[in-house]
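As a plain string of letters, each chain reads:
Protein chains: 2
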Amino acid sequence: MNSFEDLSNQFSKYFNVRHFPTEPASLYDADEYFLNLGGKRVRPVMCLMGNELFDDINPDAWPVAAAIELFHNFTLIHDDIMDKAPLRRNQPTVHAKYGESTALLSGDVMLIVAYDYLNKVSTGYLHQVIRLFNRTAKEVCEGQQLDMDFEKQETVQLDEYIRMIELKTSVLLAASLQLGAVLGGAGQANQEHIYDFGRNLGIAFQIQDDYLDAYGDPAKFGKQPGGDIMANKKTFLMIKALESANAAQLKELKRLMQENPEDKVARVLSVFDDCGVNKWAANLKEKYIAEAFEHLEEMAVVSVRKEPLRELAHFLVQREH
Amino acid sequence: MNSFEDLSNQFSKYFNVRHFPTEPASLYDADEYFLNLGGKRVRPVMCLMGNELFDDINPDAWPVAAAIELFHNFTLIHDDIMDKAPLRRNQPTVHAKYGESTALLSGDVMLIVAYDYLNKVSTGYLHQVIRLFNRTAKEVCEGQQLDMDFEKQETVQLDEYIRMIELKTSVLLAASLQLGAVLGGAGQANQEHIYDFGRNLGIAFQIQDDYLDAYGDPAKFGKQPGGDIMANKKTFLMIKALESANAAQLKELKRLMQENPEDKVARVLSVFDDCGVNKWAANLKEKYIAEAFEHLEEMAVVSVRKEPLRELAHFLVQREH
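Protein sequence lines correspond, in order, to chains Z and G. Counting in the working numbering, the first sequence tops out at residue 1229, every number present. Counting in the working numbering, the second sequence tops out at residue 1229, every number present.
Isolated chain Z (complex conformation) (with noise of 0.2 Å):
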């Protein structure tokens, strides 16, 4: 059994190598650029957790691992280019720093070289590894689809802002850790489970995503707080506020919303706490990551073997940067 830094170091091994052809370089070097950027690699290495869940590692896990870490960097570029995005880890983004023709260029042929490592598999699950993945790839393109739909909406319902964060963020976490149970030979009892553990589990990380942009420690966060409350992004607390508001709050927040004063966020914040949206998200999050911990407990699979997975819960929803 490995623990989530020992597969995340295999991984990284595995993964950090050149996937790009050299030429055309003002095609390949941008997406070599990306990559070079780094990132948490979380999702992969999830697919090797979900697969070591049930056996020792398939060798076809790891490029399967690469074809989620491959297309989750292919939505970034995209992403990055709907939401003018200038930077991402720091770094310029793909678009500012080559163009916008060859971020989506790079983008389309990320896509591609994912697929590439999909096609490594061997014969027997080739066709049901291909199947979610694609599943879980449209679906993630319908979440940034209805994500960019609701920032035109005036109004987003709780339920439907928690659909769309489950298609834009959850679906693939969930998928990873699927994508290994089949070539561990799960049944379909344990994936269902492993699949709804990783999706209640992205449901909670975005929460606590939401929160800490509002109420993060800003030495721990990394960045000052607030920047969600400054681009008025509705977030589970500012839908959750919007819905729970009374009439004298409502105008409070709708003013602050237009108005972008200079103490907005800190009047914003004060809103969300006379309504209770600090301790209902709290609360919120609690629930999901319950109902992750029951996924998981009623695997069947030897508790020791679980483990890592409950490791992996705490790093991602419990951390507070």
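No lab work stands behind these hints, which were simulated from the structure alone. Please note: incorrect hints may appear among the correct ones.
Chain copies aren't distinguished; within one or between two, either way the pair holds.
[Stated by the list, open to error] Straight-line distance between alpha carbons at most 27 Å, and here's what the computed DSS-like set of lysine-lysine pairs gives:
| hint | residue 1 | residue 2 |
| --- | --- | --- |
| 1 | LYS992 | LYS1060 |
| 2 | LYS992 | LYS1005 |
| 3 | LYS1159 | LYS1028 |
| 4 | LYS1162 | LYS1172 |
| 5 | LYS1159 | LYS1172 |
| 6 | LYS1172 | LYS1005 |
Could you slot chain G onto chain Z? The hints should help.
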């Protein structure tokens, strides 16, 4: 044996269904809109022809043909974004109608759905099909990148231009035929011949395309010729003219490209004629067609089975519109 027209009709029946979920409509309507603009579906029919050259049609050839057509449409959606093209098939492009972000995502999703279709191939050929499809898909992206690179270069060498055309246009025609051949159980030598038949035909097709844009009969061509000349596009004709012009002709060409006078098209054509570029292009096209036919003849297949491919070649490269 089916004719081009038979296969085209059969493929239309197979392909003219909904390929995408209905929700979120804000994403998938864009995909359905674009597919409904139609097109000649040449590439999937080439896949079916490549298949029938060796055997009765393998049921797996239908989804592979669909994957090829979806891939082709994915490239068109993304190319139109990069080229800022307002129209495609006389209708608004996806980004013109739905915005750039949705166009980007709807292209991404179309590529993913192409792999859903590939994944319908039964196990025996799946790895080989994905390997060839992916190599080709990357090459098409490389071709698009080179095309954009060339736009920024002052001069482009003829051999560089041919390589770009090969990547951007020819390899997908070639691979469509070869994918069909793979599913028909063709051996390696025959696979290479049918690929090279398609590759050479593709270059001949592009030479003709460039030629018709300059010299086409407007009544048959469907639009006023001279578009490439007006836009200073580097085409077979222009690259050759710049290469073979004498000092006075070169000066005239460069002035025309810079000053864009009203009679630009006629005057550029007159330089083309003086340099013998029209005749050169006709000869070059014949050279590639001859090479294509050599590969066709060398295939170890009864001659009558080659008839539809001869038809196809004539359809592609002797058209006047």
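We went through each hint and held it up to the structure:
1. For a Cα distance limit of 27 Å, the shortest separation of LYS992 from LYS1060 qualifies both inside one copy, at 16 Å, and across copies, at 24 Å.
2. Taking CA atoms no more than 27 Å apart as the test, LYS992 paired with LYS1005 passes in both settings, with 12 Å inside one copy and 20 Å between copies.
3. For a Cα distance limit of 27 Å, the shortest separation of LYS1159 from LYS1028 qualifies neither inside one copy, at 57 Å, nor across copies, at 55 Å.
4. For the identical chains of this complex, LYS1162 and LYS1172 are intra-copy neighbours only, at 11 Å inside a copy versus 59 Å across copies, given an alpha-carbon limit of 27 Å.
5. In the homo-oligomer, the alpha carbons of LYS1159 and LYS1172 lie at most 27 Å apart inside one protomer (14 Å), although the nearest pairing across protomers, at 63 Å, exceeds that limit.
6. Neither within a single protomer nor between protomers do LYS1172 and LYS1005 lie at most 27 Å apart by alpha-carbon distance, with minima of 33 Å and 37 Å respectively.
Violated hints, listed in ascending order, are 3 and 6; each of the other numbered hints is respected by the structure.
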